[in-house]
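For chain C, the structure is supplied; the task is to place chain A on it using the hints.
First to last, the protein sequences are chains C and A. In terms of this note's numbering, the first sequence opens at residue 6 and continues consecutively. In terms of this note's numbering, the second sequence opens at residue 16 and continues consecutively.
Watch out, some of these pointers could steer you wrong.
[As the list claims (entries may be wrong)] A few chain C residues that face chain A, going by a derived Cβ cut-off under 10 Å, partial list only:
(1) LYS27
(2) THR35
(3) GLN118
(4) ASP122
(5) THR124
(6) LEU127
(7) SER131
(8) ILE132
(9) GLY307
(10) ARG326
(11) ILE338
(12) ASP345
(13) ILE348
(14) PRO357
(15) LYS366
Treat the hints as calculated values from the structure; they're not laboratory data. All C-beta atoms, glycine included, are put in the ideal place defined by N, C-alpha and C.
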Amino acid sequence: MFCFQCEQTARTDTGAGCATAKGVCGKDETTSDLQDLLIYQLKGIGQYAHLLHQQGRPDAAADSFILYALFTTLTNVNFNRARFQEMIAEAARIRDRLQEAAGTRLAGPAAFQPANDLTGLLAQASIASVRAGLDAAGADVIGLRALVLYGLKGVAAYAHHAEVLGQTREAVGAGIAQALSFLASEPVDIEDILEEALALGRLNFTVMETLDAANTGTYGTPAPTNVRITPVAGKAVLVSGHDLRDLEAVLEATKDMGINVYTHGELLPAHSYPKLHAYPHLAGNYGGAWQNQQQEFAAFPGPVVMTSNCLIEPLPAYRNRIFTMGPVGWPGIKHLGHGDLAIVAQAAKALPGFAETAPEKTITIGFGRDAVLGAAETVIGAVKSGAIKHFFLIGGCDGAAPGRNYYTEFADAVPEDAMVLTLGCGKYRFNTHDFGTIGGLPRLLDLGQCNDTYSALVIAQALAGAFGCGVNELPLSLVVSWFEQKAAAVFLTLLALGVRNVRLGPTLPGFLTPALVDVLVNRFGVLPVTEAKADIAAAMGRAA
Amino acid sequence: MTEITLLTRDGVRLNVPCAPGQTVLAAAAAENLHLPAMCGCGNCGQCHAHVSTGGYEMGAYSPVALPDAAQGGVLLCRCMPHDDLVVELPYDDANISRRAIPEREAVIESITQAGAGAMMLALQLRPDETLGSGADFIPGQYMEFTVPGMEIKRAYSLANLPNWDGRLEFLIRLVPGGAFSTYLGTQATVGDALHLRGPMGHFKLDEASPRPRVLVGGGCGAAPLVSLLRHMAGYQEWQPEYLVFGVNREEEMLPQVLFDELRAGLPQLRIIQAVWHPSQGWGGFSGTAAEALDALLAEGMESPDVYLCGPPKMLGAARAVAGAHDVPTERIFIESLAG
Chain C
6 MFCFQCEQTA RTDTGAGCAT AKGVCGKDET TSDLQDLLIY QLKGIGQYAH LLHQQGRPDA
66 AADSFILYAL FTTLTNVNFN RARFQEMIAE AARIRDRLQE AAGTRLAGPA AFQPANDLTG
126 LLAQASIASV RAGLDAAGAD VIGLRALVLY GLKGVAAYAH HAEVLGQTRE AVGAGIAQAL
186 SFLASEPVDI EDILEEALAL GRLNFTVMET LDAANTGTYG TPAPTNVRIT PVAGKAVLVS
246 GHDLRDLEAV LEATKDMGIN VYTHGELLPA HSYPKLHAYP HLAGNYGGAW QNQQQEFAAF
306 PGPVVMTSNC LIEPLPAYRN RIFTMGPVGW PGIKHLGHGD LAIVAQAAKA LPGFAETAPE
366 KTITIGFGRD AVLGAAETVI GAVKSGAIKH FFLIGGCDGA APGRNYYTEF ADAVPEDAMV
426 LTLGCGKYRF NTHDFGTIGG LPRLLDLGQC NDTYSALVIA QALAGAFGCG VNELPLSLVV
486 SWFEQKAAAV FLTLLALGVR NVRLGPTLPG FLTPALVDVL VNRFGVLPVT EAKADIAAAM
546 GRAA
Chain A
16 MTEITLLTRD GVRLNVPCAP GQTVLAAAAA ENLHLPAMCG CGNCGQCHAH VSTGGYEMGA
76 YSPVALPDAA QGGVLLCRCM PHDDLVVELP YDDANISRRA IPEREAVIES ITQAGAGAMM
136 LALQLRPDET LGSGADFIPG QYMEFTVPGM EIKRAYSLAN LPNWDGRLEF LIRLVPGGAF
196 STYLGTQATV GDALHLRGPM GHFKLDEASP RPRVLVGGGC GAAPLVSLLR HMAGYQEWQP
256 EYLVFGVNRE EEMLPQVLFD ELRAGLPQLR IIQAVWHPSQ GWGGFSGTAA EALDALLAEG
316 MESPDVYLCG PPKMLGAARA VAGAHDVPTE RIFIESLAG
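For reference, chain C alone in the conformation it holds in the complex (with noise of 0.2 Å):
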């Protein structure tokens, strides 16, 4: 086993990643492995979809795998060694029907044949490892292809919740399996694979659109929303990830029965979608960031969905009240299509609930880009006039590091007369302080989950051009705690649209090396995190 993929991964003085029989956020040596071969063969089904997409003869149903497969590859998404061993199998079957559809044989990843049994699997997994040819190539270009990889599985998870409500793109299908195509090929010119990871980060960014498409299309545009944060009596359900969809199918299995509904998580927003904040019995949110999840799972008095990342091994205290859909996994936990939802009612029913009602407590979200942009005005009249000097967008995911704080005293630092926004589950380290009002509005802006990073893109391009500047130009600093690999994908868009000056923390990805942090620092302007009330400072003064 040998993984670097996400922010929590081993470091020694030696370097980073997960090499022991398991891994940090608790995958095994098995189900790491397997992994690997799976993303070994998804870039030999990219290379036959890379042709047929060339020879406009697209496979939508292999497009469709291969976003799901590599979603199932995320951190903390998926655990269970054998559903990977099942689509391994899947997957030749879908490089075979590939193959015989291009009517041509290619070689490398697109020629392997995975073992019959577990053992012959194990013993092929080297040829997969995200350091297979280490030596040869060097780290920068081992690291630089991870860097591409990482951004990818971002890309396909964020496709793929797209693509469960509905929304494709040919672009993205080929896009993708010319990126996995690109990582087959086993690159090692640095200069082409940097050019590569800017292109997934535009690919990324259709992707992003796509998916605002899907969730404003199906659910509505978000609005400011008081969203509860405290229980009320009764029997209830949790349901926590990221997947609107996920959620919407437990409200409608869980509709007209007294049973509540509450968010956990990334699925915060949600209740600012109308649709689905019209279910009355979708009651609040419940806890706080993904890190948490082992206490408040346990303490929470009904079944619990878990629809995508993030996971953390389910403790005794609720491995038969909790759920797995999607792509998540973990084995010996159920997992559950939309047709087998009557079980979370059966359990919700037979589980105590809540016993009393909590003092309401509320907090205010739903700022996306409509909300936003509505009142661009406001906003505008009020850099102008002075009452905002500065912006900082606080986004990305949380962690039980240390380091992390680093996020709370830097939301806590922001001078008064600067606007925070926020969007991911690092916020939930300081949704709940009290911001105040800026120029009329809330201090403090929720745009929503990492998903909707689209829209605060968006926003920032929309500033721009109200005032006739780039965003470079904007008083406007982005301060980016990345997690895993779906961050990896929204830094990449952010480098592809040329945004500068973003400050990167806790850590710095374990899969750059220093050449490389150089390249991202010298030639992007990456800045990574040193101490907040410096970092706050040094924004400010830029923006001076």
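Frame of chain C; chain A shown alone:
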């Protein structure tokens, strides 16, 4: 007052104060740390652990339940520290419950014969204000019964799966003269109320393991294995799976319908029925469960996980067989049904 340091298999240290004359088990429970245990009187071996540092005194116990007393082995329900103690627990921190073990009321739903000398007992839990109405347990765990009209307690493993209907099923081998056996065989009727405590126990599946699984049961040891197999059937596992089940006489064998159900749910499951003293017409394996395990492992397979459940004598023999076939100790999971 002495201090006990409990050291779990996954390296968590828990410090517990202990009063003179108090057992380790009781001292931990007083701190709301409920360690796996069953009989509470030194007979079952469920609370077996190892003392690496410190002096202690053991109350009365069954030597069968504690074969390694000379090597620092202890039964925590009988172990009273003399001075500060470091106790190595053979399980992870997650197996220590932080809440008091639930007490439940249940009603007998049905009692049916399950082979000679064994009964299938089905109960319906009564809803509980704080626990709800579901049957929430980990396959492999057990419940402790209070024998009606007596202070005596008996523990039986669950044979069904956790469910939200509140149904509990037990496969109980009747012991002549046994307190609960006598109740079940002579008095119990549908509708009777029973007082239960649980679920308890840390005999459970290592679900992340990719190794073949060999489940070995003898006599009364079928119930948790049936629960584990039913659980495995729900997850379409790929690894080879084996059930070795041994009884003394053919008529004690589990009902065929149960084996058929397990085979239907797990197509790759191979079932070896062993009878120690078979009649001439017996077509299965002739010998003990341990001997059947020996024959199975001698066929050769990838190093398996071995799950053993049964009386101490059977466990000792089966454990020795697994060891002789180089199955590492940490891959042998044991549920002792002594007492």
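Q. Can you give the numbers of the hints that this structure goes against, from lowest to highest?
A. 3, 7, 8, 12 and 15
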